[in-house]
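Now for the letters of each chain:
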Amino acid sequence: MSDSSGGPSAHADDDEEVVLVARGIATAVAPEDGITDAQIGLLGSVTAALTGIDVDYAGLEPIGPDELARALAARPDAYRHRIVHHMVLGELVLRPLPTAVSFRVAQYAEALGVRDDFVRVARRFAQGAYGLAWMDLQRNGFADHVRGAVDPSALDTGRSTPHVAPDPFEAHVDPEVADRWHGFEELDEATLGRRVWEMYDARGFEMPGTPGGAPAYLAQHDFVHVLADYGTNLPGELEVFALIARADPDPKGFAWLATLFGLFETGFIADTGFFVRDHDGGRHADAPGMGARIADAIRRGKSVCESNQRDLFEVDFYRVAPLPVSEVREMLGIPPKGDRALCAGSPGTFDLDGMSAHQREVVAQRRGGHG
Amino acid sequence: MNRTRNFTQAISFDCESPEVLIGMLREWDEQQAAMDAMGYMGTRLLADRECLDRYVMIVEFGVVDPDVSAADEAMRNNRREETKAFAARLRELVRDEPTYHHFDELYRTDF
Numbered sequence: 000m001s002d003s004s005g006g007p008s009a010h011a012d013d014d015e016e017v018v019l020v021a022r023g024i025a026t027a028v029a030p031e032d033g034i035t036d037a038q039i040g041l042l043g044s045v046t047a048a049l050t051g052i053d054v055d056y057a058g059l060e061p062i063g064p065d066e067l068a069r070a071l072a073a074r075p076d077a078y079r080h081r082i083v084h085h086m087v088l089g090e091l092v093l094r095p096l097p098t099a100v101s102f103r104v105a106q107y108a109e110a111l112g113v114r115d116d117f118v119r120v121a122r123r124f125a126q127g128a129y130g131l132a133w134m135d136l137q138r139n140g141f142a143d144h145v146r147g148a149v150d151p152s153a154l155d156t157g158r159s160t161p162h163v164a165p166d167p168f169e170a171h172v173d174p175e176v177a178d179r180w181h182g183f184e185e186l187d188e189a190t191l192g193r194r195v196w197e198m199y200d201a202r203g204f205e206m207p208g209t210p211g212g213a214p215a216y217l218a219q220h221d222f223v224h225v226l227a228d229y230g231t232n233l234p235g236e237l238e239v240f241a242l243i244a245r246a247d248p249d250p251k252g253f254a255w256l257a258t259l260f261g262l263f264e265t266g267f268i269a270d271t272g273f274f275v276r277d278h279d280g281g282r283h284a285d286a287p288g289m290g291a292r293i294a295d296a297i298r299r300g301k302s303v304c305e306s307n308q309r310d311l312f313e314v315d316f317y318r319v320a321p322l323p324v325s326e327v328r329e330m331l332g333i334p335p336k337g338d339r340a341l342c343a344g345s346p347g348t349f350d351l352d353g354m355s356a357h358q359r360e361v362v363a364q365r366r367g368g369h370g
Numbered sequence: 000m001n002r003t004r005n006f007t008q009a010i011s012f013d014c015e016s017p018e019v020l021i022g023m024l025r026e027w028d029e030q031q032a033a034m035d036a037m038g039y040m041g042t043r044l045l046a047d048r049e050c051l052d053r054y055v056m057i058v059e060f061g062v063v064d065p066d067v068s069a070a071d072e073a074m075r076n077n078r079r080e081e082t083k084a085f086a087a088r089l090r091e092l093v094r095d096e097p098t099y100h101h102f103d104e105l106y107r108t109d110f
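Chains as they are written, first to last, in numbering that gives the first Met the number 0: chain R, 0 to 370; chain F, 0 to 110.
The set of hints was computed from the structure by calculation and includes no laboratory data. Where a beta carbon is used, it is the ideal one built from N, C-alpha and C, also for glycine. Just so you know, not all the hints are guaranteed correct.
Said to hold, decoys possible - SDA-like cross-link-like pairs, simulated, lysine to any residue; straight-line CA separation at most 20 Å:
id	chain 1	residue 1	chain 2	residue 2
1	R	Lys336	R	Glu60
2	R	Lys336	R	Phe349
3	F	Lys83	F	Ile21
4	F	Lys83	F	Ala70
5	F	Lys83	F	Thr7
6	R	Lys251	F	Asp35
7	R	Lys336	R	Pro346
8	R	Lys251	F	Ala33
9	R	Lys251	F	Met34
What the hints assert, rightly or not - Examples of chain F residues toward chain R, derived with CB under 8 Å:
id	residue
10	Glu29
11	Ala32
12	Val62
13	Ala84
Make the full structure from the sequences, and use the hints.
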């Protein structure tokens with residue numbers, strides 16, 4: 000069942016182990032009153048998307064950390080590490096997140112021999128130490144990630160890499176960056192650059208490098224919106240970052256998803272410096288179909304990881320912007336959306352359903368009030 | 000005992016260089032963020048508007064292990080070498096010996 004990227008995937012005779020792993024995850028993340036519907040939906044969808052096996056997380060026999068660890072002792076570290084991340088994902092959808100759950104997940108991680116920063120971050124969320132959690136997340140998640148992304152020696156893209164300000168989460172006015180983004184308008188219609196420009200223009204987003212524009216580093220993920228065909232409302236952001244997080248061969252890529260969940264789903268995190276907490280207090284991961292959509296994004300990310308072996312934030316999207324979207328998708332190994340995500344209504348980048356209410360208003364205004 | 004109840008330590012003192020203290024607290028928090036989750040949750044440093052150079056440091060502790068209370072976590076924290084070192088630096092910085100008060104949390108406004 001192991002694979003090169005360390006994620007659970009299944010062959011015909013792996014059903015038993017898939018269920019065993021699911022039992023471990025379910026036991027680890029279940030609150031005192033039992034596993035919740037949101038957890039059942041999300042974890043079941045993730046398992047199905049990654050292994051092709053349907054597991055009902057509601058009725059699984061409990062398994063303790065030591066027994067699970069013994070059963071998985073021969074599996075590679077990366078494989079066990081991804082399982083722990085699925086546990087963290089399963090606990091982060093709880094609000095409030097009980098201390099007993101975060102403590103139990105830590106016990107499973109320890110038994111599995113996995114030392115993971117996000118287990119600790121979740122414990123801080125449960126404790127209510129949000130300031131320390133954010134510092135921890137920045138230090139161990141984003142900060143390391145960003146350091147890797149801005150270190151020229153870690154890149155093969157030279158000067159043409161996106162301009163990165165000293166704080167990549169801080170937007171800066173930069174005429175060079177602005178010119179690049181405005182220049183995408185001149186590209187052919189089917190190109191990645193042109194489609195990203197259209198995404199910005201239709202929604203009234205300011206271009207990176209201009210006043211009010213997104214930080215150039217974070218704007219990298221907007222190319223993924225177009226390539227993966229995900230919307231730009233909060234459910235779409237969850238899909239995009241689920242894909243990006245899993246596409247990263249370094250398990251630290253999970254920081255993106257952990258942060259987005261903390262930000263949008265739990266209210267644990269106030270803001271990331273660019274994205275801002277969902278002030279309507281609404282939740283998205285347990286909305287109908289979202290489990291399947293996030294799970295499919297994780298499946299697609301895993302596929303990208305296997306073919307690309309590189310953090311998508313390190314891709315020089317400026318270089319490939321003049322290429323057709325389809326060609327860049329193929330280059331990065333981004334598979335189409337799965338049937339379950341489509342059945343769950345995963346909207347595309349340019350679908351109105353994939354936009355926030357404000358974005359729809361802007362689109363309507365630009366279309367002459369008929370959006 | 001309420002195992003989920005937070006615990007607060009309030010430390011009062013007179014100090015002429017709060018900026019040094021703020022630097023110490025930032026450094027402390029960065030250290031704590033890099034360590035295993037423990038009872039320590041965070042600190043607020045408050046300046047007394049009526050009394051120049053008078054400050055109160057509010058240090059909060061919470062539960063991370065369901066079998067250990069926040070107050071016990073605070074006691075564990077007190078026994079750590081880095082806590083002792085911080086307390087020693089604090090004593091060097093303040094005018095007189097700091098005054099300590101200990102509180103169990105009964106209520107807080109929350110979302």
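Results of checking the hints against the structure:
Straight-line distance between C-alpha atoms of lysine 336 of chain R and glutamate 60 of chain R comes to about 32 Å, which puts the hinted pair past the 20 Å bound. For the hint linking lysine 336 of chain R to phenylalanine 349 of chain R, the alpha-carbon distance of about 15 Å falls within 20 Å, and the restraint holds. Among the hinted pairs, lysine 83 of chain F with isoleucine 21 of chain F is consistent with the structure: their alpha-carbon atoms are about 18 Å apart, no more than 20 Å. Distance restraint check for lysine 83 of chain F and alanine 70 of chain F: the Cα-Cα separation of roughly 17 Å lies within the 20 Å cut-off, and the hinted pair is therefore satisfied.
Proposed proximity of lysine 83 of chain F and threonine 7 of chain F is supported: the alpha carbons are some 18 Å apart, at most 20 Å. As the CA atoms of lysine 251 of chain R and aspartate 35 of chain F are separated by approximately 17 Å, the hinted pair is consistent with the 20 Å bound. Restraint check: the Cα-Cα separation between lysine 336 of chain R and proline 346 of chain R comes to about 10 Å, which is no more than 20 Å; the hinted pair holds. Of the pairs offered as hints, the one joining lysine 251 of chain R and alanine 33 of chain F holds, with about 15 Å between alpha carbons and a cut-off of 20 Å not exceeded.
Taking the CA atoms of lysine 251 of chain R and methionine 34 of chain F, the gap is near 17 Å; set against the 20 Å cutoff, the hint holds. The interface hint given for glutamate 29 of chain F holds, since its Cβ lies 7 Å from the closest Cβ of chain R, which is under the 8 Å cut-off. A least Cβ separation of about 4 Å between alanine 32 of chain F and chain R falls short of the 8 Å threshold, and the interface hint therefore holds. This hint holds: valine 62 of chain F has a C-beta 5 Å from the nearest C-beta of chain R, less than the 8 Å allowed.
With a cut of 8 Å, the hint placing alanine 84 of chain F at the interface with chain R is violated, because the nearest CB-to-CB distance is about 19 Å.
Consistency with the previously given hints fails for numbers 1 and 13, ordered from lowest to highest.
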